[in-house]
Every structure is written in structure tokens, then in C-alpha cells.
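Protein chains: 2
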Amino acid sequence: MESKRNLILVTNDDGVNAKGVKCLAQCAARFGDVVIVAPARPQSGMSSAITVGAPLRINEHEGFDGCRVFSVSGTPVDCVKLAMHTILPRRPDLLLSGINHGSNSGTAITYSGTMGAVMEGCMNGIPSIGFSLLHHSLKADFSLSIDFVADIVGKAVENPLPHWTSLNVNIPALVRPEGVRVCRAARGHWSEEYVRYLDPQANPFYWLTGRFVNMEPAATDTDEYWLGKKFISVVPVTPDQTLGACIPQFASIYDK
Amino acid sequence: MESKRNLILVTNDDGVNAKGVKCLAQCAARFGDVVIVAPARPQSGMSSAITVGAPLRINEHEGFDGCRVFSVSGTPVDCVKLAMHTILPRRPDLLLSGINHGSNSGTAITYSGTMGAVMEGCMNGIPSIGFSLLHHSLKADFSLSIDFVADIVGKAVENPLPHWTSLNVNIPALVRPEGVRVCRAARGHWSEEYVRYLDPQANPFYWLTGRFVNMEPAATDTDEYWLGKKFISVVPVTPDQTLGACIPQFASIYDK
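Chains as they are written, first to last, in the numbering used here: chain L, 107 to 362; chain C, 107 to 362.
These are computed hints drawn from the structure, not numbers from a lab.
A hint or two may mislead.
No copy labels: a pair is met if it fits in one copy or bridges any two.
As the list claims (entries may be wrong) - Straight-line C-alpha distance at most 16 angstroms; calculated EDC-like pairs for lysine to aspartate or glutamate:
| id | residue 1 | residue 2 |
| --- | --- | --- |
| 1 | 336 | 346 |
| 2 | 110 | 264 |
| 3 | 336 | 361 |
| 4 | 362 | 284 |
| 5 | 335 | 299 |
| 6 | 336 | 247 |
| 7 | 261 | 327 |
| 8 | 245 | 346 |
| 9 | 335 | 361 |
| 10 | 362 | 253 |
| 11 | 335 | 284 |
| 12 | 261 | 361 |
| 13 | 110 | 171 |
| 14 | 110 | 361 |
Only a predicted model underlies this, so the values are computations on that prediction, with no experimental measurement involved.
Work out the full structure, taking the sequences as your base and the hints as a guide.
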């Protein structure tokens, strides 16, 4: 009797040529057949954006180790939607996004294209996990982290994630992290966010920068805390942003 | 003794020239001084996207009724960030986004630029509300809905929203809605999402379409249900996507 092999969709927001997506695909190959469908160009900061007013193109690239590779001329969410609609032979059993070049801890998940793809998979009932490395270059040696990534993927295959539940995994750029901790996202915001320039005609323009301000520096149950302790952080997250608990109170104010 | 007037930031995702943003600004003027900072071009479907690799421009436009109007060459979140960093004289007391031309009910909030701006305000501690009209044209007569909008804004001014809590308001395109109901977002997904075309060289391209499939058609506590009953829906939403309740269970699986 033939056992069904898992079909694993791998995507990212750094683009189809990023090292991180190939690394994640090689890791995923231990658990099934892998297809990469990633953006043709870098899409950092694209959150759950979709392309609504323009056409999209799909291109196939050279594969490796039995893994087919496609690019889509849009956002990470466009990649997931087109993969499921057009590219994949059937519904994937698992979606992995990343490995992002740079952290998506704390409130950064809101802007993350890596996690936008994860939310899209999750809404469609596909177990979905995003991975981010706390280093903008993948030249960083995180060789032993790869075993932790494989361990997390293996556990997600064995213990299917409930619908509307996905994982946001951040990895310190270390040869050997201390371990893995499930925790919550630190709440924070960005400060001093723009550098102002003058163009040659003396008209101003602005460029985003800034730094994350952890509003909960004393908390010991957040991803920022555990990453600071050199652990890999695993935050269970949901695309459903409803605050159910405050509905009765708000109903007493707003219902009419 | 001088009473401090509220400073209200109004933005949207349909762009600075959309009718909905002017309508919302006029409504907001009942409660304070209004400044519009909206995208220069339409940004539907941009979610919480930010512009990370390119400069941004700010332009001032002709104002009306004492309301100053600015455009930003980026996304709705860029508008909120630049408004707070550069354009506004001080931190706003309230952020209103919309009125969007088209619904943002159910799972659509994930992709909504209107709600992306709301989430940004909310993360920065500003009481923030998004408004969407269930009609792509604002030619629809929703004159009495405007009084409901003003009523909701007035209540939010009187009863400040807790930090990390914002409101997603959807409005049926009716002269007279039946009332207002606080409820949760219906869970769903999109189906049959792309139309395939061939370009003149016979290469395929794809265009996003599709329809929302409400996965909970029998539920009577969702925004989809109440909108179907001709009520305005008010969904309390948060930018913090952590699923705190499942952390202990997941810790037993993933911690190491």
C-alpha cells in the first residue's frame, strides 16, 4: 500500500533568488515533496497585500534536488493564492514561509510579507509556519539552527495545527541556539521612523528607518525576551483579529 | 479656561481624491480639528504594507471647511507613520480610516488597506476606527448612514478604546440601516480567485477575482450575518495576533 507523501509549499518575501527560501526548501524535503512559489522580486514589508488592479505572471525557474521552483510577479499572498489556484497539482499539506533575512518578532509580524503568506495559508486551512533569522545576511552561520527548523516542521507534521492557528518562528543568528520557547509576541511600536532628505531641486523626501521599541521590556514571556536569551521563539498566531472578549461590553455602548 | 480640541487624523486606502475620505472628514469635523493624510493613488488590498526600499513624498492639496489635506506617495500605513512623524503638529487623539468604497467584512480585513491604517494607529496607542461602505460607488445614497457614523465616532470619543483595541465598521449601502450591532468577523476564504488570459504572444497572465465564501453561514453573531440583516456591523479588532490560550499546549510540543 502506497503511503501518501506530503506536498509542501515553500514561499517567502525576499524573492525567489534569496538564500533563505532554498535553505527552507532543503529542510522541508525531509518531510515530503516540495514546490517553491516565491515572489519574482523582494517583497519585504508587504504584509498581506494582494495585487488587485494588475495582471500577474508565473515563471518556472531551474529546480534542485527534485524541487520545482516558480516565481510570481506579485506579493507573497499572491504567490500562495496562485500556487493553490494554478501551480500546485493539489492542495498542499503544509506551507512554510521564509527563512526571512531579518527578524519578524514583536509587532513586526504586522508588516511582514513572510507572515502575510503564512496568514493566507492558515485562512485556507493549510498548516502554515513562518521562519525568520535575526540577521539580514544568510552568510551568518546558523547551521545548527537548521536542525531546530527541521525539528519544528517535523512536530507540526506530527501534531497538525488547528485551523486558524499558525506559527511565527524567529531564530537567533547563532551556530547553536539555547533551545526553543513557545511564547507571545512582545507589544511595541517603531520610533524615529523617517530620515528627511532634500532632492537636487531642494524638495524634501522621506525614507523609512527607525527602531522597534519593546513596550514590555520587563516581561519574561515574550519573543523579544526569549530571543534575547538566545532561544528560538515560537509564537502561535491567528489571522482572525476579532477581540471576542470585549463584544458584550462594546455592545452596551454601540448597539442601537 | 480653554478646552483642548481633539485632533483627528483621517486617512483611507482609496486615495486622497476619493469621495469617502472627504465624507468621513466632514463627519469627523463635528468632534475636532481634522487633517486628512491619504495615499496619492489608490491602495486597495495593501493591508499593512510599508514602503521600505524607496523614498516617499508628501504633497499638500487644497483644503475645505478648515480641514488641511495631504497626500503621501505610499501605502495607508506610510500615511499614518508620516502623519505622526512629520505632518501633524502633535499626536492625534483619534484616527478614522475610510469611508472605504467596498466592504471589509469577514476575513477581508486581512487584505484591507483601510484597516491597515487602523492597525497602525492602534499599535501607536491612538483610538482608531475603520469605516467601509458595502458599495463600490459612493453615488449610493447612504445619507442616514452618515448619522450612524457620527454616532459611532461620538461614542468612541466619550468611551476611549482600550490600547490594542480598534473597531472595524461596515455599513450597508442603504438610506436607512436597521441599526448597529457589535459582532465578530465571519471566518471565510476566497474561491475561484483568478481569471486566466493569453497576451498577444500567447503567454498566460492572471487577474485576481473571486468571491468570499462565508465558512459560517449558520452563525448569527458575525458581521456577515448582521450586514445581511441590513445592520451596520462593528467588530472589535486587535493588531496583536498572538493566540495566548494555546501557548501552554504548544509549549509541551515545541519547547526544548
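**Prompt:** How would you classify residue 261 and residue 327 at a CA-CA limit of 16 angstroms: within, between, both, or neither?
**Reply:** Neither, since 22 angstroms and 35 angstroms both go past 16 angstroms.
**Prompt:** When no copy is named, should residue 110 and residue 361 be tagged within, between, both, or neither for a Cα gap of at most 16 angstroms?
**Reply:** neither (51 angstroms within a copy, 29 angstroms between copies)
**Asked** Given identical chains, is residue 336 near residue 247, meaning Cα to Cα at most 16 angstroms, within a copy, between copies, both, or neither?
**Response** Within one copy only: 14 angstroms inside a chain, 58 angstroms across chains, cut-off 16 angstroms.
**Asked** How do residue 245 and residue 346 come out at 16 angstroms by Cα distance, when the copy is not named: within, between, both, or neither?
**Response** Neither: 36 angstroms inside a chain and 32 angstroms across chains, both beyond 16 angstroms.
**Request:** Up to 16 angstroms between alpha-carbons, please classify residue 336 paired with residue 361: within, between, both or neither.
**Result:** between (48 angstroms within a copy, 14 angstroms between copies)
**residue 335 and residue 284: within-copy, between-copy, both or neither at 16 angstroms Cα** = So residue 335 and residue 284 pass the 16 angstroms test inside one copy only (8 angstroms; across, 54 angstroms).
**Request:** At 16 angstroms max between alpha carbons, let me know whether residue 335 reaches residue 361 within a copy, between copies, both or neither.
**Result:** Between. Shortest inter-copy distance 14 angstroms satisfies the 16 angstroms Cα cut-off; intra-copy 46 angstroms does not.
**Request:** Pop the pair residue 336 and residue 346 into one bin, within, between, both or neither, using alpha-carbon distances up to 16 angstroms.
**Result:** neither (30 angstroms within a copy, 23 angstroms between copies)
**Status of residue 253 relative to residue 362 across identical chains (alpha carbons, at most 16 angstroms)** = between (56 angstroms within a copy, 12 angstroms between copies)
**Prompt:** For the identical chains here, do residue 362 and residue 284 meet the 16 angstroms Cα criterion within one copy, between copies, both, or neither?
**Reply:** Intra 54 angstroms, inter 9 angstroms, cutoff 16 angstroms: inter-copy only.
**Asked** How would you label the pair residue 335, residue 299 (within, between, both, or neither) given a Cα cut-off of 16 angstroms?
**Response** neither (27 angstroms within a copy, 44 angstroms between copies)
**Asked** Can you tell me if residue 110 and residue 264 fall within 16 angstroms by alpha carbon in one copy, between copies, both or neither?
**Response** Cα proximity of residue 110 and residue 264: one copy only (14 angstroms, versus 58 angstroms across).
In the structure shown, a violation is registered for the earlier hints numbered 1, 5, 7, 8, 13 and 14, in ascending order.
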